[in-house]
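Based on the hints, put chain B in the right spot on chain A.
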Amino acid sequence: MFRTEELVKTFGDGPQRVEALRGITLEVPEGEVFGIVGHSGAGKSTLIRCLNLLERPTSGRVFLDDMELTGLPAGELRRRRQRIGMIFQHFHLLDSRTVLDNVAFPLEIRGIDKARREKRALEILEIVGLVDRAKEHPSRLSGGMKQRVGIARALAGSPRVLLCDEATSALDTRTAQQILALLRDVNEAFGVTVVLITHDMEVVRAACGSAALLSDGRIVETGRLTDLSLDPTSALGQLLLPLREAPVGPGEQHLLLTVADVADGSAVLSRLARDLDVDVTIRAGSIERIAGHDVGRFQVDIAPGTPGQGAAATDAVVRYLSARDVRTEVLT
Amino acid sequence: MSAAAPTIDGSWSEYVPMLWQALGETIYMVVFAALLTFVLGLLIGVTLFVTAPSGIRPMRWVNLPLGLYVNVSRSLPFLILLIVLIPVTRFIVGTSLGATAAIVPLTFGTAPFFGRLVETALREVEKGKVEAAEAMGATHGEIVRKVLLPEALPALLAGVTLTLVMFVDYSAMAGAIGAGGLGTFAIKYGYQRFNTELMLATVAILVLIVQAIQLGGDAVVRRVARRR
Numbered sequence: 000m001f002r003t004e005e006l007v008k009t010f011g012d013g014p015q016r017v018e019a020l021r022g023i024t025l026e027v028p029e030g031e032v033f034g035i036v037g038h039s040g041a042g043k044s045t046l047i048r049c050l051n052l053l054e055r056p057t058s059g060r061v062f063l064d065d066m067e068l069t070g071l072p073a074g075e076l077r078r079r080r081q082r083i084g085m086i087f088q089h090f091h092l093l094d095s096r097t098v099l100d101n102v103a104f105p106l107e108i109r110g111i112d113k114a115r116r117e118k119r120a121l122e123i124l125e126i127v128g129l130v131d132r133a134k135e136h137p138s139r140l141s142g143g144m145k146q147r148v149g150i151a152r153a154l155a156g157s158p159r160v161l162l163c164d165e166a167t168s169a170l171d172t173r174t175a176q177q178i179l180a181l182l183r184d185v186n187e188a189f190g191v192t193v194v195l196i197t198h199d200m201e202v203v204r205a206a207c208g209s210a211a212l213l214s215d216g217r218i219v220e221t222g223r224l225t226d227l228s229l230d231p232t233s234a235l236g237q238l239l240l241p242l243r244e245a246p247v248g249p250g251e252q253h254l255l256l257t258v259a260d261v262a263d264g265s266a267v268l269s270r271l272a273r274d275l276d277v278d279v280t281i282r283a284g285s286i287e288r289i290a291g292h293d294v295g296r297f298q299v300d301i302a303p304g305t306p307g308q309g310a311a312a313t314d315a316v317v318r319y320l321s322a323r324d325v326r327t328e329v330l331t
Numbered sequence: 000m001s002a003a004a005p006t007i008d009g010s011w012s013e014y015v016p017m018l019w020q021a022l023g024e025t026i027y028m029v030v031f032a033a034l035l036t037f038v039l040g041l042l043i044g045v046t047l048f049v050t051a052p053s054g055i056r057p058m059r060w061v062n063l064p065l066g067l068y069v070n071v072s073r074s075l076p077f078l079i080l081l082i083v084l085i086p087v088t089r090f091i092v093g094t095s096l097g098a099t100a101a102i103v104p105l106t107f108g109t110a111p112f113f114g115r116l117v118e119t120a121l122r123e124v125e126k127g128k129v130e131a132a133e134a135m136g137a138t139h140g141e142i143v144r145k146v147l148l149p150e151a152l153p154a155l156l157a158g159v160t161l162t163l164v165m166f167v168d169y170s171a172m173a174g175a176i177g178a179g180g181l182g183t184f185a186i187k188y189g190y191q192r193f194n195t196e197l198m199l200a201t202v203a204i205l206v207l208i209v210q211a212i213q214l215g216g217d218a219v220v221r222r223v224a225r226r227r
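Top line first, the protein sequences correspond to chains A and B. To convert, note that position 277 of the first sequence is 276 in numbering that gives the first Met the number 0; the numbers rise steadily by one, no gaps. To convert, note that position 61 of the second sequence is 60 in numbering that gives the first Met the number 0; the numbers rise steadily by one, no gaps.
Next up, chain A with everything else stripped away, as it sits in the complex (with noise of 0.2 Å):
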């Protein structure tokens, strides 16, 4: 799908010089739903609008599907963009035309009749669930149903991927739902690759398949979501499950617990207390749904289940969790 190689991005000259990308190289999964993520500020934007080279980068280069991008004269440029779906933050809908005309306009463009674009019109406003309100203007549309309405045209010209910048910024948290789902049906059913970029996680776990984090113009991670739910380690994961700062004291044993499903019936905590009679206690904890499956992390303290025993050795903990497909780091 999508692949960048070394792009850089500078804005201005001399002192105004600001690096927004500072040589970033990615690829994009085919069929997957990727997200970019990274602070305001990071980049992010700059990166997914280098992709159809609304931005041209300073340097670097662009292919989708091994076709360069950045080599591209003009008018072979334009006749790939119409195969690149986007929308934005703010829609961008035409107010002078109907939400008909407005799905209609890039088959317009690509020299498509009248009758056939309004009937390809209809059918996706069909599948955003807005057929009815197809003679309307979209300032007569609430801020999700504009939304639905870049989608469809979007994805009127049957593009292989869509490009989401920002798209659920502008919009409550449920409508953003909705439409993070819509994008999850359409990347689905029609196997369009979904690229969209948010500083969200709340975004990245309800639609993500993968992501990489992006960070002062540079790629800090980029994988599977659920490899890197799983990783103590991963920066993204940590931010997919989130642990409030809980106390390390002496004394005590205190572990970082990674569980890949805790709703999968094995009680693995209190089986572990029984079993090794430990007393477990639950200082800090983040359960997320992830991909379709409930992660928790949890920092736990391990003590001793009967007073005056010693306690069951660290390792002993350790090698029985991990048995059970528990990641387990010793935190000290």
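If you are wondering where the hints come from, they were derived from the structure by calculation, not from laboratory data. Ideal placement from N, C-alpha and C gives every residue a C-beta, glycine not left out. Among the hints, a few may not be true.
[What the hints assert, rightly or not] Residues from chain B shown here face chain A by an in silico Cβ test under 10 Å; the list is partial:
id, residue
1, 128
2, 129
3, 135
4, 136
5, 149
6, 151
Here is chain B on its own, set in the frame of chain A:
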């Protein structure tokens, strides 16, 4: 003025046909100059916007001279422009007198102004809409025709109204140097013959014309705005 001039102490009714003729000339000047101005100004405005450094097709060597032309012609007072353009008018129309001749300075005097109004209206269009069209693979021409102009339509129509009112004003001014129309009429028969009533009648007609343009323009803008 082709109608026979009334005697100095002629009665009101003698002036009425001439007043009608003057009104006709004014409308003729305004309509034709306006048509030319709107075409020319639209071209100027779109070109200024598109070729600006931040535009969709930056072209310094087009933008700078065009911007300079617009600024120079806008800094000339219209009365001066009228006189400066007399040779040009003679060249184009064959004479510098009469309503047809007046169309030349009216167009040259107003097209740059309308061009700026167009440019400003286009700048008000959300940049993201242009970007969305670019992301879809639209050409520059399509972006102008299908995005910029339709999205800016209410502002463009407000600019048309403003410019039409200016035409009435300028055409009266052109009357002072022999363009015909209500301006010439007011000066010849109202001012120079100390006929205050005629003067007032002309002013009243001008006020009515301007009112009609403004109200009509506002109504059109409202209608367009309601349909979006």
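A quick look at each hint next to the structure:
no. : hint : verdict
1   : 128  : holds, 5 Å
2   : 129  : holds, 9 Å
3   : 135  : holds, 4 Å
4   : 136  : holds, 4 Å
5   : 149  : holds, 4 Å
6   : 151  : holds, 9 Å
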